[in-house]
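With the hints as your guide, set chain U onto chain E.
There are 2 protein chains.
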Amino acid sequence: HPTSHMREKTLTMETLNPHVKAVEYAVRGPIVTKAGEIERDLQEGGKQPFTEVIKANIGDAHAMGQQPITFLRQVVALCTFPELLDSPTFPEDAKKRARRILQGCGGTSLGSYTASQGVDFIRQDVASYIEQRDHGVPADWENVYLTTGASDGIVSILRMLVSGQGSSRTGVMIPIPQYPLYSAAITEMEAVQVNYYLDEDNCWALDINELHRAYQAAKQHCQPRVLCIINPGNPTGQVQSRKCIEEVLHFAYEENLFVMSDEVYQDNVYSPDCEFHSFKKVLYEMGPEYFNSVELASFHSTSKGYTGECGFRGGYMEVLNLDPDVRAQLIKLRSVQLCPPVSGQAAMDVIVNSPHPEEPSYARFHEEKNAVLGALAEKAKMTEQILNGVPGIRCNPVQGAMYAFPQILLPPKAVEEAKALGMHPDMLYCLRLLEETGICLVPGSGFGQREGTFHFRMTILPPKEKLKVLLDKVRDFHIKFLKEYATLEEQLR
Amino acid sequence: HPTSHMREKTLTMETLNPHVKAVEYAVRGPIVTKAGEIERDLQEGGKQPFTEVIKANIGDAHAMGQQPITFLRQVVALCTFPELLDSPTFPEDAKKRARRILQGCGGTSLGSYTASQGVDFIRQDVASYIEQRDHGVPADWENVYLTTGASDGIVSILRMLVSGQGSSRTGVMIPIPQYPLYSAAITEMEAVQVNYYLDEDNCWALDINELHRAYQAAKQHCQPRVLCIINPGNPTGQVQSRKCIEEVLHFAYEENLFVMSDEVYQDNVYSPDCEFHSFKKVLYEMGPEYFNSVELASFHSTSKGYTGECGFRGGYMEVLNLDPDVRAQLIKLRSVQLCPPVSGQAAMDVIVNSPHPEEPSYARFHEEKNAVLGALAEKAKMTEQILNGVPGIRCNPVQGAMYAFPQILLPPKAVEEAKALGMHPDMLYCLRLLEETGICLVPGSGFGQREGTFHFRMTILPPKEKLKVLLDKVRDFHIKFLKEYATLEEQLR
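Chains E and U, in that order, give the protein sequences.
Here the first sequence stands for residues 1 to 493, where the numbers follow the UniProt record's numbering.
Here the second sequence stands for residues 1 to 493, where the numbers follow the UniProt record's numbering.
Bear in mind the hints are in silico, worked out from the structure with no lab data behind them.
None of these values were measured; they are calculated from a predicted model.
Some hints could be false.
Rough simulated footprint, nothing fancy, chain U against chain E, three-plus residues with beta-carbon under 8 Å [stated by the list, open to error]:
hint, region
1, 13-23
2, 49-63
3, 227-241
4, 350-363
5, 386-398
6, 431-445
Derived coverage of chain E by chain U (criterion: at least 3 residues anywhere in the stretch with Cβ under 8 Å from a Cβ of chain U; other residues may be distant) [what the hints assert, rightly or not]:
hint, region
7, 99-109
8, 306-315
9, 334-343
Beta carbons are placed, not taken as given, at the ideal position from N, Cα and C, and that holds for glycine.
Bound conformation, chain E alone:
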């Protein structure tokens, strides 16, 4: 029988792991929670000054109406229910791939665990894809690890790299603005976050001098060992030049940094004067002394590109120049999770081994792929143009990825009001936008930005007509917001 003492909770805000407490993840932060509440209120017949919440906070293509690539879904459905392999309604090339994937699975079932690194021949297909992408630079499939989305791979590599205490603690260099997975993982692992600022005045380019500055400053209080790059940029949308990449790799070589290159938007390049260069290809072109020594992990995902298959949680990483003993440790670490989802592995295989010209699904596949990428390019342009037409908003070209990250000039009165509320000024702005228009964006403070500047991130994923409405609403709101917070003097003008 229970004793009469009042039982205390074991897990409270006081006893909670303090590093978990310190984690922030804006992409699904308080503003998104608020959007969900408003959405439920609308569904239950509540009154709002709008009829629909538009979630432009996350790169979630299908949720915004993008259609799946037929061939990919055919292959995964065939793997899931192999009786369909006898059905005449599925094309032969889809069946061929499904049979091959099932041959790589224990008991020819998608329901078996795979090796911790993923199915061998899917890793081989990934390696062939990388070779082709990089115009023949050799890729060894043993360096390829399939992952649960890209995030999972990024976290695994960071976990290996974080060690030391005090001034020898691992410093992780990340761009500002950054994708908040990085800051969240660094916080939770108690690593030291080392910020290098992208150059907003120069289309968010990476400035090698700023990298040097950040490194030298960090060396005073930690051991910078990791350099994270996001190219094309999230949230910034910039595409790095080949020259820039070479400078960065030279720097990493000189300073003995482990390079983590987040290249999940490698298929999302829109500006005609930009081209995606993989860090690996550039490293190769710098010569064997670089190619055989710089430790480089590159990440890719089924969630972005033209497929947008976020829900499958597919991805891979290629890790170069890992010490052989360390490689065994990485495999061990990943084996504790058993294996990445096998349907995600199958989806990844379709992306790296898409229909060949002589196959029946070739035409449809490329039609669908080009339609998605063409529409994204148009929307990237439209977003930049409309936002730059708003007084007090300045938006760099969306060269790639899926986001605009415009700077917003906020009136001093609004900044003061936010501070009085203990809130980031761009959070106040985004909250007001959500409440008045139903549009959910993420405040720039969630990604990091130079002190005194304010931004928001929005995806360019909604269908063109809807995106136009959204941008018009943002413009109207912004103008109204500026008026509301104008000084008396400005108002009387």
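Leaving out everything else, chain U in the frame of chain E:
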């Protein structure tokens, strides 16, 4: 241009995160690597004293030939390729479930991210399932979180609970023998592993006195805050009695422990005199003072039971009595991973919402389910009987789960030889077994065992005929092994 210095690797065994280095995970450890090497050698025409490697090291049902449940695969295939919803070859109840799942997905696509906790109505289905399983004990769907297999949920909860330094560091009580995910996570998080030993002489039952002993001893050097239970047991196969569970919960109540109850084998109970009782149901029956206070997380998975869908990485956890602020922290922590794989969520939904008696797939579903569970019950019995017929092997009844964990008496000469090789004696045994017979088991040392005792874990998953061959080979090997290592005196006898 590169400078002439020889670039050192950044990530070496010296700089690697030492907690990663310390992790061990025997289920996919060195013996499994060795098995893979031998398998490849066989495929390449190498000569071995056997023609096939049998991997009985892991609970991987489909890899051992178990067929998927048709209804589950139909639903997931329909969700993956919704054009099939028009196909007359799929039953209406499968279509109904697929349509409903897609309604819960953004853009009605399996390719969208879901909420971090999973699709709302799948969580509701899980809650209804739990209520039914527990004969009406109320379940709140807001306490349900879908996960990437059970492991992912277990790691999340542990990550919240680990804090403090020195003698206030979190102690995590785990059974010995245990499933090595627990020891791996504890090591990596630098928590303190607190062992309580299951009673091998009493069918691996949990002895409440041993729990008290372990707790009191641990209090001297850490802060025991978490009690992990595996029921039915992995690797031990025992099913806890209702009385035992009540004692454990009373203990957790008194000592303010957070209870983690790994119940992934809840559908795998074979002994006619055993019954699965969920920790939650027993807690409820102990009265509101218990039910409204003990913090309890329970875990389930698509990978075990009668479905064996490991590759989908589906699972859920139900977390009771979490402090509301802490709950928000848990959601935040999980949101960094974005969401569990959506096809795994769909698979989980089928398990908790299987065909009803009036639906067309009911008969086939139950036929398939009963065939799997019936065969497992037979194989559990057969495994116990054959192993107990071998001199020097003693096997407790396999009351539930999917494994036998027999004790093996090893000759002193074998123990000495292993020690000279710097190897656990049961590792030597399992390596020899693998090399001579092609059978891959996991040494007991990978799960933990009382000092001086030796075991191995084997799954009972191979088809009956194959399992019989496997067990006969183990018997023959064991007898030969005993002879080989017998003392001269014994040999002359």
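Please list, smallest to largest, the hint numbers that this structure does not respect. 3, 4, 5, 6
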